[in-house]
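For the protein sequence lines, the chains are H and W, in the order given. Last residue of the first sequence: 519 (the numbering used here), numbering continuous. Last residue of the second sequence: 519 (the numbering used here), numbering continuous.
Hints are supplied without guarantee of correctness; some may be wrong.
Since the list gives no way to pick one copy over another, a pair counts as held whenever it fits inside one copy or between any two copies.
Stated by the list, open to error - Think about it this way: if two alpha-carbon atoms lie no more than 25 Å apart in a straight line, the pair counts; the simulated DSS-like pairs of lysine-lysine are:
#1 460 <-> 192
#2 198 <-> 309
#3 272 <-> 198
What the hints contain is simulated information worked out from the structure, not anything from laboratory work.
Number of protein chains: 2
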Amino acid sequence: MNGAENLLHTLEHAGVEVCFANPGTSEMHLVSAIGRSEQMRAILCLYEGVVSGAADGYARMVDKPALTLLHLGSGFANSMANQHNAMRAHVPLVNMVGDHATYHLKYDAPLTSDVLAHARIVSDWARASESADDLALAGAEAVQASLRGAGKVATFIAPANHAWDETSRTAEPLMPAGLEAVGQDATEAATKLLGNGKKTVLFLGGRALREASLHAAGRIAEATGARLVCEVFPARLQRGAGRVAVERLPYFAEAAVAALDGTEQMILVGSKAPVAFFAYPGKPGWLAPESCEIHTLATVDQDPLAALKAVADRLGANDEPALAQPALGLPIPSGILSPVAIGQSVTRALPADAIVVDEAATCGLGIFPVTGQAAAHDWLTLTGGAIGIGLPLALGAAVACPDRKVIALQADGSAMYTLQTLWTMAREQVDVTVVIMNNRSYAILNIELARVGAGQPNAKTLSMLDLSHPDLDFVALAEGMGIRATRATTAEEFDVQFAEAMAGSGPRLIEAMVVQQMP
Amino acid sequence: MNGAENLLHTLEHAGVEVCFANPGTSEMHLVSAIGRSEQMRAILCLYEGVVSGAADGYARMVDKPALTLLHLGSGFANSMANQHNAMRAHVPLVNMVGDHATYHLKYDAPLTSDVLAHARIVSDWARASESADDLALAGAEAVQASLRGAGKVATFIAPANHAWDETSRTAEPLMPAGLEAVGQDATEAATKLLGNGKKTVLFLGGRALREASLHAAGRIAEATGARLVCEVFPARLQRGAGRVAVERLPYFAEAAVAALDGTEQMILVGSKAPVAFFAYPGKPGWLAPESCEIHTLATVDQDPLAALKAVADRLGANDEPALAQPALGLPIPSGILSPVAIGQSVTRALPADAIVVDEAATCGLGIFPVTGQAAAHDWLTLTGGAIGIGLPLALGAAVACPDRKVIALQADGSAMYTLQTLWTMAREQVDVTVVIMNNRSYAILNIELARVGAGQPNAKTLSMLDLSHPDLDFVALAEGMGIRATRATTAEEFDVQFAEAMAGSGPRLIEAMVVQQMP
Numbered sequence: 001m002n003g004a005e006n007l008l009h010t011l012e013h014a015g016v017e018v019c020f021a022n023p024g025t026s027e028m029h030l031v032s033a034i035g036r037s038e039q040m041r042a043i044l045c046l047y048e049g050v051v052s053g054a055a056d057g058y059a060r061m062v063d064k065p066a067l068t069l070l071h072l073g074s075g076f077a078n079s080m081a082n083q084h085n086a087m088r089a090h091v092p093l094v095n096m097v098g099d100h101a102t103y104h105l106k107y108d109a110p111l112t113s114d115v116l117a118h119a120r121i122v123s124d125w126a127r128a129s130e131s132a133d134d135l136a137l138a139g140a141e142a143v144q145a146s147l148r149g150a151g152k153v154a155t156f157i158a159p160a161n162h163a164w165d166e167t168s169r170t171a172e173p174l175m176p177a178g179l180e181a182v183g184q185d186a187t188e189a190a191t192k193l194l195g196n197g198k199k200t201v202l203f204l205g206g207r208a209l210r211e212a213s214l215h216a217a218g219r220i221a222e223a224t225g226a227r228l229v230c231e232v233f234p235a236r237l238q239r240g241a242g243r244v245a246v247e248r249l250p251y252f253a254e255a256a257v258a259a260l261d262g263t264e265q266m267i268l269v270g271s272k273a274p275v276a277f278f279a280y281p282g283k284p285g286w287l288a289p290e291s292c293e294i295h296t297l298a299t300v301d302q303d304p305l306a307a308l309k310a311v312a313d314r315l316g317a318n319d320e321p322a323l324a325q326p327a328l329g330l331p332i333p334s335g336i337l338s339p340v341a342i343g344q345s346v347t348r349a350l351p352a353d354a355i356v357v358d359e360a361a362t363c364g365l366g367i368f369p370v371t372g373q374a375a376a377h378d379w380l381t382l383t384g385g386a387i388g389i390g391l392p393l394a395l396g397a398a399v400a401c402p403d404r405k406v407i408a409l410q411a412d413g414s415a416m417y418t419l420q421t422l423w424t425m426a427r428e429q430v431d432v433t434v435v436i437m438n439n440r441s442y443a444i445l446n447i448e449l450a451r452v453g454a455g456q457p458n459a460k461t462l463s464m465l466d467l468s469h470p471d472l473d474f475v476a477l478a479e480g481m482g483i484r485a486t487r488a489t490t491a492e493e494f495d496v497q498f499a500e501a502m503a504g505s506g507p508r509l510i511e512a513m514v515v516q517q518m519p
Numbered sequence: 001m002n003g004a005e006n007l008l009h010t011l012e013h014a015g016v017e018v019c020f021a022n023p024g025t026s027e028m029h030l031v032s033a034i035g036r037s038e039q040m041r042a043i044l045c046l047y048e049g050v051v052s053g054a055a056d057g058y059a060r061m062v063d064k065p066a067l068t069l070l071h072l073g074s075g076f077a078n079s080m081a082n083q084h085n086a087m088r089a090h091v092p093l094v095n096m097v098g099d100h101a102t103y104h105l106k107y108d109a110p111l112t113s114d115v116l117a118h119a120r121i122v123s124d125w126a127r128a129s130e131s132a133d134d135l136a137l138a139g140a141e142a143v144q145a146s147l148r149g150a151g152k153v154a155t156f157i158a159p160a161n162h163a164w165d166e167t168s169r170t171a172e173p174l175m176p177a178g179l180e181a182v183g184q185d186a187t188e189a190a191t192k193l194l195g196n197g198k199k200t201v202l203f204l205g206g207r208a209l210r211e212a213s214l215h216a217a218g219r220i221a222e223a224t225g226a227r228l229v230c231e232v233f234p235a236r237l238q239r240g241a242g243r244v245a246v247e248r249l250p251y252f253a254e255a256a257v258a259a260l261d262g263t264e265q266m267i268l269v270g271s272k273a274p275v276a277f278f279a280y281p282g283k284p285g286w287l288a289p290e291s292c293e294i295h296t297l298a299t300v301d302q303d304p305l306a307a308l309k310a311v312a313d314r315l316g317a318n319d320e321p322a323l324a325q326p327a328l329g330l331p332i333p334s335g336i337l338s339p340v341a342i343g344q345s346v347t348r349a350l351p352a353d354a355i356v357v358d359e360a361a362t363c364g365l366g367i368f369p370v371t372g373q374a375a376a377h378d379w380l381t382l383t384g385g386a387i388g389i390g391l392p393l394a395l396g397a398a399v400a401c402p403d404r405k406v407i408a409l410q411a412d413g414s415a416m417y418t419l420q421t422l423w424t425m426a427r428e429q430v431d432v433t434v435v436i437m438n439n440r441s442y443a444i445l446n447i448e449l450a451r452v453g454a455g456q457p458n459a460k461t462l463s464m465l466d467l468s469h470p471d472l473d474f475v476a477l478a479e480g481m482g483i484r485a486t487r488a489t490t491a492e493e494f495d496v497q498f499a500e501a502m503a504g505s506g507p508r509l510i511e512a513m514v515v516q517q518m519p
């Protein structure tokens with residue numbers, strides 16, 4: 001058996017089932033081994049940013065790693081922005097990166113680069129295989145490393161000769177650590193704080209935004225009056241009818257400061273204290289009031305569910321949480337196709353248990369609040385700020401959950417980063433409805449330009465933030481990659497097209513010619 | 001004046017005229033300063049890989065740097081593969097990368113990463129600005145660093161507060177070093193070697209592939225019988241009718257070994273000794289015969305023209321070089337649309353002084369030999385092996401040379417890496433004709449799979465190398481980004497469409513449904 005085949009057996013035994021791949025010459029033995037594996041599903045992506053973003057979306061839904069297959073340092077580089085997002089999402093992800101045969105590196109052939117240096121920037125754990133005998137062990141260690149805490153990005157490098165050389169050394173899967181337990185001291189301390197009468201925010205992130213944890217948090221809110229606030233960009237927020245609602249901290253720093261005004265103490269559960277996304281001249285970076293005390297109940301790598309339950313029980317809280325959302329019927333929207341109108345149509349037609357991926361940027365700000373009482377669903381966002389993850393996330397989520405409807409709410413500018421995803425969606429016939437918010441602009445940057453005080457923009461400055469001249473035609477782009485697509489220019493048209501997409505199945509795209517009132 | 005405005009003045013004085021940009025919030029003051037600059041042309045790209053590839057193409061044609069504008073570590077990461085190619089092309093390139101305000105870094109906001117760690121991997125020179133007073137100096141140093149030798153990738157990091165803070169400290173441009181002179185010892189030694197009667201290859205790369213250097217090399221060949229061979233992937237090869245032809249070293253290692261068989265000595269001029277692109281089990285990585293002696297006349301950072309002329313003069317060579325190519329008339333090709341047929345049509349219609357960008361992968365192997373006697377032109381290739389540079393290179397070359405026709409010969413698989421380039425081509429109305437070689441496959445990988453001996457592939461393995469299911473429709477994709485496009489399915493159709501494109505101007509795309517005989 002060669003190193004590649006041996007490695008595949010180890011990865012299969014460790015429970016890895018899906019490989020998102022964009023291979024090159026140095027990975028041909030890995031490709032062959034995957035081809036011969038019965039368990040490992042292989043999904044070809046046309047760009048590495050699709051590979052890493054899809055692996056993130058998969059992991060967010062099943063809490064276990066997908067495998068990626070990437071080609072040398074430059075292939076890995078193309079995946080790095082979405083690896084960054086995955087790190088910030090705290091998901092398990094295992095990167096398998098090919099490299100030249102070790103004895104070939106001395107020649108400094110054209111594609112040679114320091115693969116490990118690339119990997120270290122966006123991995124919590126990284127190492128290179130040392131021999132064909134070691135390759136499977138490197139894979140086993142990577143899977144284990146990816147499953148520490150809530151999840152880590154783990155990268156192992158597979159030199160070509162370690163894949164093709166023969167080996168008889170096998171490797172067993174290694175026990176992963178998983179979420180750490182929260183100590184009794186911490187739950188006691190939090191219970192005490194919640195009884196001290198101060199104005200309290202439970203600031204929730206990571207796994208604390210799953211339904212069961214939110215239920216426990218809602219019990220605490222009911223018992224103590226504490227506010228439930230979640231991080232601006234949750235990896236996966238379970239929300240909608242029947243679930244406990246949280247306030248989502250606003251993106252713009254001044255709005256976030258206003259939202260937290262008067263807070264005397266903040267208890268972190270699976271989150272870090274909130275900070276501004278960017279610095280702005282003369283504006284605060286720290287968002288909580290200066291006098292607000294910050295306490296930690298659970299870090300992102302600790303088990304929030306057991307901790308929140310323990311606190312709720314200590315408080316003698318009822319089983320009925322505060323803030324449970326009723327379902328809300330909304331009328332058919334009419335007229336201008338605004339983000340709010342889109343949100344109404346989504347709320348009207350969203351099937352139960354849908355997965356919504358939100359990289360809608362400025363439009364998302366309008367859609368999110370409207371959809372809080374749609375049927376129960378998961379809401380996935382851009383955790384690390386590196387745009388171009390929405391379509392890949394939707395692909396990965398759909399692969400992880402083939403029986404659930406996936407909706408990608410996607411801004412136009414960021415869609416163009418990883419538009420190649422549409423091809424893989426068509427190839428795999430995933431059940432994803434992509435809604436492109438076509439406002440022909442990097443709208444967020446037009447807002448930010450004013451907010452940073454960079455002076456009155458002239459036409460040349462604005463041209464660097466503008467997506468018109470020429471207009472992008474997303475219907476043509478989608479059809480060019482084998483995806484059925486339609487265009488909606490009014491709220492009524494969108495409502496019909498979206499309802500139709502929800503009633504059907506398989507990949508499709510709606511280009512929403514959205515009209516925005518800027519905040 | 002703020003730091004950004006001050007910096008722009010310095011960059012203008014240093015002769016930088018074009019900025020390829022994909023900015024974000026932390027670069028808004030840089031965007032504003034560019035907007036107010038009269039000299040600096042701003043070209044928006046929809047992805048950072050387009051930005052860096054276009055800057056490479058620009059530099060290859062004018063031997064001076066374009067500026068890039070990139071957003072933090074993740075934005076830079078998206079540009080890295082083409083930065084790698086630019087390093088391997090030995091071109092001057094100046095990256096301007098925004099970062100968070102320095103005082104904001106401590107918050108570890110979502111987009112925070114180690115920008116300098118990214119930069120160092122693919123830059124010959126990198127540093128961060130230390131203050132608003134220092135920002136312009138950092139820019140001046142970067143331009144200077146980019147113009148060392150043949151050209152270097154130089155990256156400076158501009159924290160947002162250094163851009164927006166006021167400063168009165170200006171910075172003058174710094175004298176660049178440029179190409180080093182070759183010492184008399186080296187020219188004397190090369191002259192002696194060329195007279196020793198051994199079978200000699202002049203192995204040419206970098207600037208040695210410009211017309212005047214090739215003329216001098218042709219004189220040497222005429223006087224001594226030395227062979228002229230060029231590196232497999234030249235950054236810019238001046239060739240065609242009236243110029244001195246060089247043999248291009250074959251890509252596949254076994255063919256390269258055969259081509260160099262019997263060579264007793266090799267003299268390097270602007271190149272390194274040839275090595276295999278990848279390792280293959282049991283095949284050589286070093287391509288010259290073991291007994292072949294390797295000598296260096298000029299490194300890539302030295303002036304090949306003066307050195308080659310000095311050697312030719314010492315040898316008493318005639319002014320008439322060997323290997324000067326006559327123009328060749330070719331008939332209209334007919335029937336199957338093969339790479340050779342495409343090469344025939346290109347040769348027939350290519351206007352004088354055209355620029356051909358070749359990322360046609362396997363198809364390029366067929367086209368290149370056929371076009372050697374087309375009208376004089378420049379041939380640009382993928383120097384670093386990181387695919388996805390062809391379209392950006394063509395964009396950058398067209399911006400650099402608005403009066404010359406640019407032809408991008410582009411493989412389908414690699415086109416999908418940076419297809420967003422088409423939008424910028426449409427916006428800037430550059431005179432580029434894109435020819436997509438649609439063979440619905442990563443054809444090169446199907447060949448490499450066999451060459452690495454990875455066993456008989458099954459359907460699943462082959463599916464990872466296959467671009468059908470669904471078929472990509474490049475006419476629709478081009479039209480979706482505002483580019484006029486047609487499809488050619490026979491040699492006759494292609495001949496007509498290509499001739500029409502050469503007769504007209506402005507951006508257009510031809511999807512060539514190419515049929516290949518695999519080597």
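Tested hints:
no., hint, verdict
1, 460 <-> 192, "neither (58 Å within a copy, 59 Å between copies)"
2, 198 <-> 309, "within (21 Å within a copy, 85 Å between copies)"
3, 272 <-> 198, "within (20 Å within a copy, 71 Å between copies)"
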